[in-house]
Amino acid sequence: MELLAQGIVSGILVGGLYALMSIGISLSWGALKIINLAHFSFILLSAYIVYQLTVSFEVDPLLMVLVVAPLFFMLGVLVQMFFHLAKVDEFKSLIVTFGLFIIFQSVMQTIWSADFRRIGPVLNPYETQSFFVAGIAFQLPQLVAFVVALLIAGGMWLTFTRTYFGKAVRAVAQDPEMARAFGIDSRRVAVILSGLSTAFSALAGVFIAIGQTMFPQLAVAWFGIVFPIVILGGLGNSLGTLTAGVIIGVAAGVSSVLWGPLSAPLVTFTILIVALLFRPEGLITKRSIA
Amino acid sequence: MSARVRALVGFAAVALILGFAPNMQESLEFPRFYLIFLFTMFFWIAQASSWNILTGYSGYFSFGQGAFYGVGVYTVGVLVVKQGWSFMTALPVAGLLAGLTGLFLGLVVFRVRRLTGEIFALTTLAIAFVLASVARLSPSIDGGTGIFMTGTPLPGFLGEFTTAAYRLTLAITLITVVVAYLIHDSRLGWGLFAIRDDEPVAEGLGVPTFRYKMVALGANALLAGLMGGVWALQLGFVTVDDVFNIRVPLFVILMSVLGGMQHWMGPVIGAVIITTLTDRLNSAGLTDVNQIIIGGMLVVLALAVREGVYVRMRRRWVTTAVSFFGVLGLARLLDLNDSLISDFAYAMVATVVMMLVPDRVWARFGELFGRSHPAEEPIGAEDLTRTGP
Amino acid sequence: MRPRRSWTYLTLITALALVIAACGGDEGGGTTTLGTGTTVASSTTQGGTETTAATETTAASGEPIRVGSTLALTGFLAATAAIHKVTGEVFVDRINAAGGLLGRPVEWVLLDDESTPDLAAAAYERLITEDEVDLILGPYGTGNITAAMAVAQRYGYAFPHHTASLTYAYTYECQFSSWSTGLHPNITNPNLLYDALESTGTPPETIGFVVNEFPGTMFISYGQPDTDEGGAVAEAEKRGWEVVLDVTFPTATSDWGPLAAQVRDADPDFLYIAGLGVDAPNLVTAMQAIDYSPDGMFVQWPAPGPVLATEGADGMMSVTIFEEHPPFTDDPEAVEVAGMIDAALTEAGVPYAKVETQAAASWTAWEYLQQAAEGAGSLDQQAMCDWLVENGAQTLFHGDIEFFPEEQNYFEDLSKIKQVQDGEWYTVYPEEFAAPDRSVEFSPGG
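If you're matching them up, the sequences are chains A, B and C in order.
Counting from 1, one number per residue, gives the positions in the first sequence under our numbering.
Counting from 1, one number per residue, gives the positions in the second sequence under our numbering.
Counting from 1, one number per residue, gives the positions in the third sequence under our numbering.
These are computed hints drawn from the structure, not numbers from a lab.
Please note that a few of the clues may not be correct.
[Stated by the list, open to error] Simulated coverage check for chain C against chain B, where a stretch passes if three residues somewhere in it have a Cβ under 8 Å from a Cβ of chain B:
{"hint": "1", "stretch": "125-136"}
{"hint": "2", "stretch": "240-252"}
{"hint": "3", "stretch": "310-316"}
Since the model is a prediction, treat every value here as computed from it, not as a measurement.
Backbone N, C-alpha and C define an ideal beta-carbon position, used for all residues, glycine too.
Generate coordinates for the entire structure from the input sequences, incorporating the hints supplied.
Quick look at the structure:
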């Protein structure tokens, strides 16, 4: 029983990290119509930068949030300006961003080598810290990642429903031409949104650096986790993405505790297929921003 | 009708020449690697072309290629190694099982109303993950130990091992391309194009959308599975991680989009470009930068040639012919290096670079030479289906 | 908007052209062009001049002998393949500084197989038939080696290779594995560990297994498929130890929490992690996070560096062939070569820059190739193959090796047990190979 409870708790928490990795991609796809595979590189690049700064300057890795978030916001702005200039549409974005992904992968391998990198326990006290409630462990890095994901998802939801910027984003997502006609600077909206979503991915990278061993190919392994969550949650829907992350995380956690880790992909993807067939518009709402 | 006959005669000629290439290897003294190179290229042509039958023609974006390919690989692996079947009896079963997988998927997915493109894409992706898990969990398929395919006997009339594998691949590739060609110019093809443009309208016009989509998906899966079955030989050691990964689904997309998805020749051209360039770059010893070059190439080509390289080649066919054969001839004449494949790669790069010139700039050049050249010709089905290869 | 778009394209095209031009320039005006492989080793002099100056060297001359191989320079296997690249480069530099092979300089034509078996197979076809290399050497990774071996067999090439794990499957009579695990590592490896544990006088009563579903680790844990002979689990049961946990996990596991919880639930005296790469650090970290640490742990084939950087990994055991401490370093030549490899690894940015199993196996494979050619006095593949089978090889890191044809050219299992003690890896068993003042540390319940 305790085992099952632990499986559920780990699943929920790791679902938060999955969601954090997925929110940027979801926003980019839903609101900007860019399927941005380069986000996978952004996450890993951010993790490597956190690793490098932590190891070089012997600082607290969590503090690196203050460095990577603005840095990647700028990167997101630049990338979106390039997309805009080159008129990248939804379909071509897959190829263009895959090209960028390959380039980033190669650059990262050149800089940090293909070998495994890990912030040692001396500089990274968070990795193995936990809270215990009734014998159930809540791992600190995952807990923080979950809280961050929750804050972002809630924040985006409030932004989209309550603010002028949010309305502008929705207008642009629905019909950029029409939005322009109503005086919305769709380009500026898109640039800011791209900056935000890239910064969110960079935050995910911070938790990867704290919790995992990094190597360039790690990013490839994320495709199979992130895409299901993005689509299950509804494109551009941050709260939906978080919910989907938790569902996938719990399904994987429970099934691997009950039937062994090998069964986890089978169970999660079967759930996914069934869910899609019964709610093809995504889990939470009708597709797109909400 | 004569166009179709001409095209089929063309296919037959290509089949004959390439099919007997191994026999001429001794007398022409070209390295055996050329066969392996073509073998690899055929594999990708077949995978990309079969994928395009569904996705390019009907517009339903599929990530399922890896699943169909994987079913093919594993069917041959299990039947030949674990059940002791002969390769030639196992191969058709591989195609059949993959085809049935496709039909089953279609039966479930196409029945769902309000099916969006993303949902279809993701479901096809998920199928690959599910199949991979099944293979992992079941000891009678893989169970984590892998399957050794080395030393699989092939029928003697096809030649020794490499030659036989080459000919099998060639045959399946030709079948795939011919099927793609025939569908392209048929009622079925027009129906699929109509679905791509606007499915409700197509339905209103009396296109049997469900049946057409099922046929396209079934053909895609069957051909992908057949090719996978042959590829098991090249893998040598079949493991879940090597078979069910994102390489096949991703590369068929890249190749088709590069070449152009509207026409059956698009994926062929895309596959030729990507396999040649990756082969030459990979082996040039520039391991640090070759991935960067390939990545950069994808970005540039996707942005500069939106409709696919093939459409531009058609439109600028004189330039294509001149730059390709000119550079190829020049490279041969100057004896730049001893590899024909490298010369081919140079010629291809030159041609592709010519295709990169934007239509506007191209039109100005045309004016300079006193030719009036329409800047952007509309790409209609009629324009593209007029002639064969 | 439109003119700007054209400009974007033109800029991009120019950039691409420049990149291509630059790469062409890299290769220089020599004979090497876009088609042929580039020599990897050439310029390094640091190791060669310093160390081999003592030996009377006649400069290598004539047409270079070209050795062809691929390595997983990119992709999932790249982390470890980097070690093999560096080791090979050091070997080539050193042999060239010492007068070459058969009096001719050695050139290594190295291609990237992107960690994919079908690409490896195609690359070996190319090396043999288009580049027409004189000798070949195996790639890195079980799947890639298997695919390449099939090609080598078709063309009758002698095929030295390192670190292929599925010993039972390699029946080609000219294949020579430089990873001396013997033909039955599924029996000998676990028993070596179990002997080490029993040597403490307090062997475990219960044992747990977590097994990566990777063909090599499945083989070690459960024995050869179809025969089910041996295997770490069965061998443990033979000793009367109770197997309280036996879980298989997929190679691409990303959430280790549930697995860690299962281990804690079973609470074995000793945990056998049949994993590779960073499996052990990931699992140990997850166990630490739920406040659990087993009394003893073993991991099959870890990346050695990350284990040391893991909290709670002290006492972790593994198998090894060579470690940089006595008695292995009693041979001054081994020290010298290890030093050269360490320096080259550091320069290549590899975080754990020490010679252990991987580099040692890599070096040994090159030695096989060198001794076969010198022994046979020619580059005739069959003669080289026969010579090796007949005479065996004298190796720097493995000692004298014989190839038993009836054992598929395998020799004895030369593995040793190493353990993390005070933040470093030390060989601890058998005693005659243990580092000074080191011995197996394990006490259940302690």
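Could you tell me which of the numbered hints above are not met by this structure, giving the numbers in increasing order? Violated: hint 3 alone.
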